[in-house]
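4 protein chains.
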Amino acid sequence: MKKLMQEVRAFAEERDWDQFHTPKNLSMALAVEAAEIMEHFQWLTPSESRDLPEEKRKAVGDEIGDVLLYLVRLADKLGLDPVVLATQKLEANRLKYPADQVRGSARKYTEYERGV
Amino acid sequence: MKKLMQEVRAFAEERDWDQFHTPKNLSMALAVEAAEIMEHFQWLTPSESRDLPEEKRKAVGDEIGDVLLYLVRLADKLGLDPVVLATQKLEANRLKYPADQVRGSARKYTEYERGV
Amino acid sequence: MKKLMQEVRAFAEERDWDQFHTPKNLSMALAVEAAEIMEHFQWLTPSESRDLPEEKRKAVGDEIGDVLLYLVRLADKLGLDPVVLATQKLEANRLKYPADQVRGSARKYTEYERGV
Amino acid sequence: MKKLMQEVRAFAEERDWDQFHTPKNLSMALAVEAAEIMEHFQWLTPSESRDLPEEKRKAVGDEIGDVLLYLVRLADKLGLDPVVLATQKLEANRLKYPADQVRGSARKYTEYERGV
Chain A
2 MKKLMQEVRA
12 FAEERDWDQF
22 HTPKNLSMAL
32 AVEAAEIMEH
42 FQWLTPSESR
52 DLPEEKRKAV
62 GDEIGDVLLY
72 LVRLADKLGL
82 DPVVLATQKL
92 EANRLKYPAD
102 QVRGSARKYT
112 EYERGV
Chain B
2 MKKLMQEVRA
12 FAEERDWDQF
22 HTPKNLSMAL
32 AVEAAEIMEH
42 FQWLTPSESR
52 DLPEEKRKAV
62 GDEIGDVLLY
72 LVRLADKLGL
82 DPVVLATQKL
92 EANRLKYPAD
102 QVRGSARKYT
112 EYERGV
Chain C
2 MKKLMQEVRA
12 FAEERDWDQF
22 HTPKNLSMAL
32 AVEAAEIMEH
42 FQWLTPSESR
52 DLPEEKRKAV
62 GDEIGDVLLY
72 LVRLADKLGL
82 DPVVLATQKL
92 EANRLKYPAD
102 QVRGSARKYT
112 EYERGV
Chain D
2 MKKLMQEVRA
12 FAEERDWDQF
22 HTPKNLSMAL
32 AVEAAEIMEH
42 FQWLTPSESR
52 DLPEEKRKAV
62 GDEIGDVLLY
72 LVRLADKLGL
82 DPVVLATQKL
92 EANRLKYPAD
102 QVRGSARKYT
112 EYERGV
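Residue numbers (this note's numbering), protein chains in the order written: chain A, 2 to 117; chain B, 2 to 117; chain C, 2 to 117; chain D, 2 to 117.
These are calculated hints, taken from the structure and not from any lab test.
Heads up, a few of these hints could be off.
Since the list gives no way to pick out one identical chain from another, each pair is judged satisfied if it fits inside one copy or across any two copies.
The calculated DSS-like cross-link candidates involving lysine-lysine, where the alpha carbons are at most 25 Å apart (straight line), are [to be verified]:
| id | residue 1 | residue 2 |
| --- | --- | --- |
| 1 | Lys59 | Lys4 |
| 2 | Lys90 | Lys78 |
| 3 | Lys97 | Lys3 |
| 4 | Lys90 | Lys57 |
| 5 | Lys78 | Lys97 |
| 6 | Lys59 | Lys78 |
| 7 | Lys59 | Lys90 |
| 8 | Lys59 | Lys97 |
| 9 | Lys3 | Lys78 |
| 10 | Lys90 | Lys4 |
| 11 | Lys57 | Lys97 |
Given the sequences, and given the hints that come with them, work out the whole structure.
Okay, here's the thing in structure tokens:
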């Protein structure tokens, strides 16, 4: 991830695109790419979404790559490390949703409105 | 990232939340979290967005962590590696937007509608 | 809708908020509010989403109001009439997806990737 | 708007697409279309976004039509009237942000994080 962050930075600098990469613009690009992932799933049933044809799985993978590129770029512009942040968040969620209290409870899950 | 992916998987399994983690639902959660990042920037000027107060930078970091958690979880459910995908995408973009042709050109940049 | 558009315009002018209401910022606010609608549905089954508890239905309604306010405001800033645009789009979709050819076909529907 | 709602309903029924139009799916489609509006603005400066070339203005208008179609359809499935909801929301915001207290204040505006 460190390496990816440096490569994305070099990519932008070589093209003099740093001027466009305000955190504001990057947050928009990130949301647009996240929506492009979602577009592939919007009319599928839950089970269809678990069993994508290979061509569609590849197309979703392409968009996942885009989301990560913008996420890494945004984090870099803000001086943040996304893996550290995700790890901290997961740790916080472990405390917030103790496994022995929430297990198997769709009801509670919906109340929590949280997936990770 | 591999480690993070395994930890997120364990987190979901310990809570029996795997049943909710269809790729469809995860794509929605990812887009919701991406919008929560964006919410912090929506009324800022470009330069304000480059110079966030520390409290806001921390709040954005929190949401970046969420986005990465859902991205990693979604990729895992689809059997994909997000870092490999992002690296491939960046390589493709290097060929698509040759540095010596697009450098310093806001006009072209806008035509390309691409940031990374 | 005309009346609503005028009221939103007056609301912004009375607060001297017109300066913040660039189409760019309004497009972000619209997407953020659309995500807030979606947040209510992200972990629900399809059938749960058809049968919301009254409290949740009211909360979704609140966000629907927000989306329409920003949509109307954005259209106003661009000199566009959203109802005319939606009517034209629906007419175009009638021609694109003839009822007698697409009826009852989930498969085709997914191919079309279109819902309206 | 009433007429538009009825037309969208007829459109879906004629194609037997009602089965796909769960509120969950419609909320996704709405967010996807909102992101498509945003995509047109993501790399523009604030002033460029106020002064779109006609071709781009037309393309944005097309997406505005899509957003309204899905918004109306979602509201219909939930038995809600979007214009009533928006009017109520605007009234609530008038009380929440009194014009004489918030006028001309970018700072307060940012604190409020609200645009309408």
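Going down the list of hints, with the structure as the test:
1. Lys59 with Lys4: Classified as both: same-chain Cα gap 24 Å, cross-chain 23 Å, threshold 25 Å.
2. Lys90 with Lys78: Both ways: lysine 90 and lysine 78 sit 20 Å apart in one copy and 20 Å across, limit 25 Å.
3. Lys97 with Lys3: between (29 Å within a copy, 24 Å between copies)
4. Lys90 with Lys57: Intra 30 Å, inter 16 Å, cutoff 25 Å: inter-copy only.
5. Lys78 with Lys97: between (30 Å within a copy, 24 Å between copies)
6. Lys59 with Lys78: Classified as between: cross-chain Cα gap 13 Å, same-chain 29 Å, threshold 25 Å.
7. Lys59 with Lys90: between (29 Å within a copy, 12 Å between copies)
8. Lys59 with Lys97: Intra 35 Å, inter 19 Å, cutoff 25 Å: inter-copy only.
9. Lys3 with Lys78: both (13 Å within a copy, 24 Å between copies)
10. Lys90 with Lys4: both (22 Å within a copy, 14 Å between copies)
11. Lys57 with Lys97: Cα proximity of lysine 57 and lysine 97: across copies only (22 Å, versus 35 Å in one copy).
Consistency with the previously given hints is maintained throughout, with no hint failing.
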